[in-house]
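All chains, please: the whole structure from these sequences, using the hints.
Chains as they are written, first to last, in the numbering used here: chain A, 1 to 733; chain B, 1001 to 1313; chain C, 2001 to 2218.
Worth flagging that the hints you see were computed from the coordinates, not collected in a lab.
All figures in this text were calculated on a predicted structure; none of them were measured in a lab.
A couple of the hints might just be wrong.
[Unchecked claim] Taking lysine-lysine and the BS3-like style, the derived pairs with C-alpha atoms no more than 30 angstroms apart in a straight line are:
1) A:LYS93 <-> A:LYS722
2) B:LYS1288 <-> A:LYS722
3) B:LYS1039 <-> B:LYS1180
4) B:LYS1026 <-> C:LYS2163
5) B:LYS1002 <-> C:LYS2163
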Amino acid sequence: MQFNEPATANPIDRQRVVGKPLSRIDGPLKTTGRAPYAYERHDVVANQAYGAIVPATVATGRITRIDTAEAEAAPGVLAVVHHSNAGKLGKAKAITARLLAGPEVEHYHQAVAVVVAETFEQARAAAALVRVEYARGTGAFDLEKEKGKAVKPGRSADTAVGDFEGAFASAPVKIDATYTTPDQAHSAMEPMATIAAWDGDMLNVWTSNQMIDWARRDIAETLLIPKEKIRVQSPYIGGGFGSKLWIRADLVLAALGAKAAGRPVKVALPRPVMVNNTTHRPATIQRIRIGADRAGKIGAIAHEVWSGDLPGGGPETAANQTRLLYAGANRMTAHRLATLHLPEGNAMRAPGEAVGLLALEVAMDELAEKLGMDPIELRILNDTQVDPEKPERPFSKRQLVECLRIGAERFGWNARKAKPGQVRDGRWLVGYGMASAFRDNLAMDSGARVGIDAKGKVTVATDMTDIGTGTYTIVAQTAAEMMGVDVDDVIVLLGDSSFPVSAGSGGQWGANSSTAGVYAACLKLREAVARKAGFDPATAEFADGFVGQGNKRVRLSEVAGREGLSAEDTIKFGDLTKRYAQATFGGHFAEVGVDAVTGEVRIRRMSGAFAAGRILNPKSARSQVIGAMVMGAGAALMEELVVDPRFGYFVNHDLAEYHVPVHADIPVQDVFFLDETDDKSSPMKAKGVGELGICGVGAAVANAIYNACGVRVREYPITLDKIIGKLPPVTAA
Amino acid sequence: MKAFTYERAATPAEAAAAAARTPGAKFIAGGTNLLDLMKLEIETPRHLIDVNRIGLDKVEDTPDGGLRIGALVRNTDLAAHPRVRRDYAVLTRALVSGASGQLRNKATTGGNLLQRVRCPYFYDTAKPCNKRKPGSGCAAIGGFNRGLAVLGTSEACIAQHPSDMAVAMRVLDAMVETVKPDGATRTIPIADFHKLPGTTPHIENALEAGELITAVTLPAPVTGTHVYRKVRDRSSYAFALVSVAAIVPSDGRARVALGGVGTKPWRVESAEAGDDAGMGKRILAGAKPTTQNAFKLPLAERTLTAVLADARS
Amino acid sequence: MMPTSTAFDVSRRGVLAGGVATAATASVSIAADAAPQSAPASAEPRVPVTLKVNGKSNRVDLDPRTTLLDALREHWKLTGTKKGCDHGQCGACTVIVEGRRINSCLTLAVMHDGEAVTTIEGLGEPGDLHPMQAAFVEHDGYQCGYCTPGQICSAVAVLDEIKAGIPSHATADVAAQPAFSIEEVKERMSGNICRCGAYANIFDAIADVAGEARGARA
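Below, the structure written as structure tokens:
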């Protein structure tokens, strides 16, 4: 179905199942270890061999020699595949760096070879016996150094409305500050992994991937085989956060290894190799200038962003939210892209906003302080209900002010002392901080097939994925609502390229788009059911396992009969996202303690209020938000891939050295969803929440740190070494 | 991981004899560090002697009022031992601040003393490291060294000693008991057990080839407030940036050792004389920080000052 | 309900033309009691290893390099125990051996010859969940599910450790018996990383099983 006009009343509005905080239907499998992830599919194909990758140990250059003799002679080895014997390979357009190096090496730990052996232990040991010689090249690795050479990446890189420079120059109150965010690693708990098996010219892969149809396309472009000869299955995914939007070396090398060995092969990327082999969120340098009048009204706002990527890569679009978040007649944004020969930079949870708000929302805090204004009031004063660049384009629904007010109330914001360093609790200096949350609402076409059988069971099949987002459950809720059955009577099949192509999981579009696709397919099935039962499809009622009209009703199982009934459809989104600015909003609040002696920061409370359309399942939606808040806390306090420019790589490439938050870092979290439906977003009237939660939270933490101890750190992460030098002397207690 | 042969020893003597018999052999106890390194081929023993079933898993009182801790006593058990909790609380606190519950359930007393460094260049076999490959150079000098040592460093190596337990052992004047392949036993004071890198950073301790730690003894308890204050980048499950092990009597001289700052657990007995206020500077004398880890000096000094002040108050 | 291989009867296969022939493989769940397999024969030495996994003893011949984790996942085919980092940095591989939780990635299977191992599969199964598994479902103590088996094994052990009086970094007086608190639980669980960030919900699940109030500091 085409979605071109705002949704009207529809069966989802009943909210008998949708909108209920149901426990996940995949919970019993996940909590008992029975949910099968990619590397674990002993059940799907016999005789699996093990592949181990050989990663490049230079950042740039050429492979001059690969000596595989010792590896090939090692016990159990079945095949060694590298660029010289892999056959012709293409490069998928969506991927910047090739997934198998050779002879050129494009980045550190780029895969050079795969060794296939009978056992994992044999493959791993033999991989270390592959001798690779390189002619080491040169490269650029330091964003700060390359900033001057950064170029404008494409036409939409710059935006400008009014006269920013003039308005900024004449503004009575100004902020002009530069912030930096480091490279970050997705660090999903499940490493990238694939089992590949050839059946003649047909390739079957069981992998861990967020976007099934993209995977199929990219495999076709890489292995130069027809898309129809590829089947991708990924029913369970151990976290993605953007790192599994595209296929990675594990898949390509498993497929090549399987071909060479003549057997199914499975490959998982070792954790110490993942960081440099796969993608990361690129570092940014961000300059923000805001000019306001003495009352706090913004007249000029500018956000310029520098980031780097491999040749052919793209920028981190960290200025985007600044085009829409606050009013102001004179405004500009710009992105500049430097060439860096680090591993491929790409999307990580809320690309753009996640790091853009780390800068913008601290700048707003700095402006509020300069104005002597409450930071919430400053934001409310500069709220806008229309796209500030195109005032004729309204927001479909924008409850930022309500989020801030309700969030402040729930958090107890009025207890905040405006002047930093005023609150002491034992060894801790205590502070409050807040930030706005903002994330675009994207919509992607999404298909599904729905069937009903003689037992009244409804089965939904779509290539949509569940990366921890709760897709299984909200798809079941949607189908149950539409067909008028109990959620226990719905079976959900996901992550298989033989099912209709869906939106996939990314950009927080998954929940709204994929359930809208299920809605569309269910509408068709309702029609078929009603017709077969002899009812008018327009007015037939679906409830309690029956279809009915007036006082007549028939069991769905009877209508379905032995043959069953099924229908397939795809929701296709028209131009509503162009006619209306569509976004999700929230307010983040944090209380932190800064150790007065050491500068250690510990978060004591986090809370937030969010408006994101209809919340399809408040339990799993809340989980998405608290989880994103945790990742944002990591970004604020500890996450940093450290570049060693001498070797051109990320030095701290494992989970011991790249810190992500642990249990003890995360306090009690409060999440509140505003009651909202957005009729412009889809028939579900929902929007995404999976990324909204990370947007702004780090800035709230940073602002709380400033409020606690009076130290403003503009280089993330805010580790104690950046604070300790500015703390007062330690005095004997 | 390179292939190896495996045998399980039944007694300490059997383990030592096996080591004498097999060149390139290593003992494996908890394995939490050794297997990590073997997977990366930083360690490549040709033979493993499993010492997990040779006994040495008791904590016993000594005649002089101290404790004798078997080398195979797990970190969890040592931390939870009633006498350690009561009389050597600095040791319990150090132990429970290290690693994770799962790792402490496996890691042993002897193994913890032999824990190898966490320098990221030591951990990447494609990078120069004098400790891993003598003569190859030190990539950490001039590289990412924010977490590395400021004391006891050399031109050859600046990696910090990673253990928390050993810092507490140092402040407790522990003694390390060993047996050599020929059956001879000896006792090494903890101060002499760990070696400074100097020009030979691959030599990390006083053990000879095939020598097995059998126990660690603690002298009679020292009265005072026992403190282990660990400062790190996240709340738990992280190595120390700086740690302070201290035994502080209500008045009189405090004993102090520092972790996270030295190439070995750092204690300067002579610095313990004199006023509390100057102790940090005295202990840190001669520090050679890098630009990235210079913060460890004020961090260590401030933390120590606060620890002493809190303990005395 | 969740798809399992038994959920697809013949009539449903007829319903979803095209989709259903594939359904059985798309939705297979893992059996908990498959017979383990020895490593394929080759020139390298093999060592016999007997493990009592979830109450059942089996002997297999393994490459001595085989970790307990890989033995469980590749030979016993009990894939509930996860490999997240293989280096003791994430806790996804946590299992309970002889009553204690350990990282199964950093120990060799042969080192545990003759010992009893409890994995997530041994705690409970769909339809007969262990109370901790049920609490994780109820409190949504997971998202992607990959760290979950390790979190649950740890959580079960953590409550035992507190009861046994084992002190932690969060214990104010290490000489005293530790008590259940949010700080104690969060510290003790910190060796289990959840990148999805379900920590707050995991605490609620553990508190529920321990019979304590939710969100103690809320």
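Pair hint outcome, LYS93 of chain A versus LYS722 of chain A [Cα-Cα no greater than 30 angstroms]: Judged against 30 angstroms, a Cα distance of about 41 angstroms means the pair is violated.
For the pair we were handed, LYS1039 of chain B and LYS1180 of chain B, check the Cα-Cα distance against 30 angstroms. Holds, at roughly 28 angstroms.
What's the verdict on LYS1026 of chain B and LYS2163 of chain C, does the C-alpha distance respect the 30 angstroms limit or exceed it? Violated, because 37 angstroms separates the two Cα atoms, which is more than 30 angstroms.
Distance restraint between LYS1002 of chain B and LYS2163 of chain C, which requires alpha-carbon spacing of 30 angstroms or less: Roughly 41 angstroms between the alpha carbons, so the hint for LYS1002 of chain B and LYS2163 of chain C is violated.
Take the C-alpha atoms of LYS1288 of chain B and LYS722 of chain A, compute the straight-line distance between them, and say whether it is at most 30 angstroms. Within the cut-off at roughly 20 angstroms; holds.
The structure fails hints 1, 4 and 5 (numbered hints given earlier, in ascending order).
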